[in-house]
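> Assemble the whole structure, with the sequences as input and the hints as a guide.
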Amino acid sequence: MGSEKPNFLWPTNLNCTATKRFWEGLRRRQFWARRCRDCDETFFPPRSHCPHCLGNNLEWVELSDRGTLYSWTEVNIAGPRFDIPYLLGLVDLSEGIGRIAAKIVGAEAHQLKIGMPVRIIYADVRGDFSLYCITVDQ
Amino acid sequence: MKSRVAIIGCGAVKIGRYPDRAESDLALEAIRLALEDANISKEQIEGLFTTPDLLGNVGLQTSLLCEYMRITPKLMAEISCGGIAGGLAIRCAMNEIMLGNIDLALCYGAEREASIGWFKKFGSDEGSTMLEPIALQPYASHGTIPAYALSACRYMHETGAREEHFALAAVRNRMNALNNPLAAFTMPITVEDVMNSRRLCSPIKLLDSAASLDGAAAVVVASEKLAEKVCGKPVYIAGWGQYHDNSCFIPTDRCDKSITNFIATHRAAEEAFKTASIAPKEVDVAEVYAPFSPCELMIPEDIGWFNKGGMVTALERGDTEVEGKIPINTDGGLLSRGHPWAVTPFYETIAIVKQLRGEAGKNQVDGAKIGLVHCEGGMLNNSLVIILRTD
Ligand SMILES: [Zn+2]
Numbered sequence: 001m002g003s004e005k006p007n008f009l010w011p012t013n014l015n016c017t018a019t020k021r022f023w024e025g026l027r028r029r030q031f032w033a034r035r036c037r038d039c040d041e042t043f044f045p046p047r048s049h050c051p052h053c054l055g056n057n058l059e060w061v062e063l064s065d066r067g068t069l070y071s072w073t074e075v076n077i078a079g080p081r082f083d084i085p086y087l088l089g090l091v092d093l094s095e096g097i098g099r100i101a102a103k104i105v106g107a108e109a110h111q112l113k114i115g116m117p118v119r120i121i122y123a124d125v126r127g128d129f130s131l132y133c134i135t136v137d138q
Numbered sequence: 001m002k003s004r005v006a007i008i009g010c011g012a013v014k015i016g017r018y019p020d021r022a023e024s025d026l027a028l029e030a031i032r033l034a035l036e037d038a039n040i041s042k043e044q045i046e047g048l049f050t051t052p053d054l055l056g057n058v059g060l061q062t063s064l065l066c067e068y069m070r071i072t073p074k075l076m077a078e079i080s081c082g083g084i085a086g087g088l089a090i091r092c093a094m095n096e097i098m099l100g101n102i103d104l105a106l107c108y109g110a111e112r113e114a115s116i117g118w119f120k121k122f123g124s125d126e127g128s129t130m131l132e133p134i135a136l137q138p139y140a141s142h143g144t145i146p147a148y149a150l151s152a153c154r155y156m157h158e159t160g161a162r163e164e165h166f167a168l169a170a171v172r173n174r175m176n177a178l179n180n181p182l183a184a185f186t187m188p189i190t191v192e193d194v195m196n197s198r199r200l201c202s203p204i205k206l207l208d209s210a211a212s213l214d215g216a217a218a219v220v221v222a223s224e225k226l227a228e229k230v231c232g233k234p235v236y237i238a239g240w241g242q243y244h245d246n247s248c249f250i251p252t253d254r255c256d257k258s259i260t261n262f263i264a265t266h267r268a269a270e271e272a273f274k275t276a277s278i279a280p281k282e283v284d285v286a287e288v289y290a291p292f293s294p295c296e297l298m299i300p301e302d303i304g305w306f307n308k309g310g311m312v313t314a315l316e317r318g319d320t321e322v323e324g325k326i327p328i329n330t331d332g333g334l335l336s337r338g339h340p341w342a343v344t345p346f347y348e349t350i351a352i353v354k355q356l357r358g359e360a361g362k363n364q365v366d367g368a369k370i371g372l373v374h375c376e377g378g379m380l381n382n383s384l385v386i387i388l389r390t391d
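Protein sequences, first through last, are from chains A and B. Under my numbering, the very last position in the first sequence is 138; numbers go up by exactly one each time. Under my numbering, the very last position in the second sequence is 391; numbers go up by exactly one each time.
Accuracy of the hints is not assured; some may be wrong.
Unchecked claim - Below 35 Å or equal to it, Euclidean Cα-Cα: the simulated DSBU-like pairs (lysine-lysine) are: (1) B:K362 / B:K281; (2) B:K257 / A:K20; (3) B:K14 / B:K281; (4) B:K229 / B:K74; (5) B:K369 / B:K281; (6) B:K233 / B:K369; (7) A:K113 / B:K308; (8) B:K362 / B:K233; (9) B:K257 / A:K113.
Claimed, not checked - Label-pair restraints from in silico Cβ distances: (10) B:N95 / A:R28: 52 to 58 Å; (11) B:L206 / A:I121: 31 to 37 Å; (12) B:E43 / A:P51: 29 to 35 Å.
Said to hold, decoys possible - Chain A stretches covered by chain B per the calculated footprint, using a threshold of three residues with CB under 8 Å from any CB of chain B: (13) 24-36; (14) 49-59.
No lab work stands behind these hints, which were simulated from the structure alone. The C-beta atom is built at its ideal place from N, Cα and C for all residues, glycine as well.
Listed below in structure tokens is the structure:
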């Protein structure tokens, strides 16, 4: 992604059993959600229990890398993880099951239009850790 | 409601920075002022309710206060629930009084930014642990500002509002704060000043934002019987509504929820109007909990005073100014009064009580009889609305 700062920490729940597979999926350029085997609910973000029936008989399903830009902001406040300014997009996943907020790469603010299609891409931000970002389909 | 409950006393310190005064010091100052205002003695305090203890004293702050005040209440609680904690403290007091367990309760909050651990974390890796860890947290590592910025950008898209309209709300608040002795920010500002202030997360700029500051406030809550005995101008709690929309901040586990209209605000207000048996337009004056100027547009729309996007023209017309159709945040709001977040609902309540007693000075709304207090937690996901009235 180009502008990450060194020595940053990433979310502290990387080793949490309910979500570990999601982060591992990013390493393999896959975007995972969970599906409940009991009630068939597919949900994102991944977590330990089905939000519909509260069961925990779950499996992993891969989502597409497509979405729609729902909103965006240019972040100008200094944080620990990225150089500023950077563009942050809020994206409706194309499966219609959830939203992500992610850094937008390969586009400038004036090119962004709410409702435009976007694509999830991946970046290795540390030797053992990858993250999703979004880019605009040209 | 079966029996009525009244607010009979208010006290608060000016919002600002108090690097050399402890929370208990600020709290005691506000409490003494509230007891004097209510014309009751400290020995009459039967219930003591407060907001989260930001010092991490595992729930012992009320115990410390009892020792410092030499009082022995029958019941006490420290209530934590995000930004609505102060409002819930008043609700607990009201419930205990309505149940007949007590006749008088003191609700207070004291907060110093310096004591809040998680504010310090905002600039660090741990800064967003309140956000959903997978879908939001990795990128929005600056506390709540990016979330509100995404909401504001979407609002502009849906309604045609421009950044200048958000600025109008900030300016209205500032003009009101000029006449509020408790407000932190009392230098006049213009729309241009807001537009030229430091960009934080577009479209939100520094002067669109509430500053986290120190403050302390207290309100005395009493049964109707006691209120009529001791207080010349009781203000009654006439209605109540609370609603949570099942999102913690920006909704991440679905795509069908708006981030420009918040159903929690709408439903909480609806319930409050219903329990108070009033229509939205009967409200004479309101305080809404808007930590950023775009929320100043969304909340009144969700409460039901304006259609979606209607606040744009309402601000241009001055509908929400002191002389307007529905005066909002006549005390300066979070933006200009300053925002010790857990104490803010008490400051809002005090602003409305003063309006209803006719004690709001230059910002007095003529003949105000019914007031509304709104507070929220998360990103407007958990809303609480209180209706107050004089009769
Ligand atoms: Zn299920």
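> All hints, please: hold or fail.
Hints, verified against the model:
1. B:K362 / B:K281: holds, 23 Å
2. B:K257 / A:K20: holds, 27 Å
3. B:K14 / B:K281: Holds. K14 (chain B) to K281 (chain B) sits at ~32 Å (cutoff 35 Å).
4. B:K229 / B:K74: Roughly 21 Å separates the two Cα atoms, so the pair holds.
5. B:K369 / B:K281: Status holds; Cα separation ~12 Å.
6. B:K233 / B:K369: Given that 35 Å is the threshold and the Cα spacing comes to 12 Å, the pair holds.
7. A:K113 / B:K308: Roughly 21 Å between the alpha carbons, so the hint for K113 (chain A) and K308 (chain B) holds.
8. B:K362 / B:K233: Holds, because 20 Å separates the two Cα atoms, which is no more than 35 Å.
9. B:K257 / A:K113: Satisfied, since the Cα-Cα distance of roughly 20 Å is no more than 35 Å.
10. B:N95 / A:R28: 52 to 58 Å: holds, 53 Å
11. B:L206 / A:I121: 31 to 37 Å: Holds: the Cβ-Cβ distance is about 33 Å, inside 31 to 37 Å.
12. B:E43 / A:P51: 29 to 35 Å: violated, 50 Å
13. 24-36: Answer violated; 0 residues pass the 8 Å Cβ test.
14. 49-59: violated (count 1)
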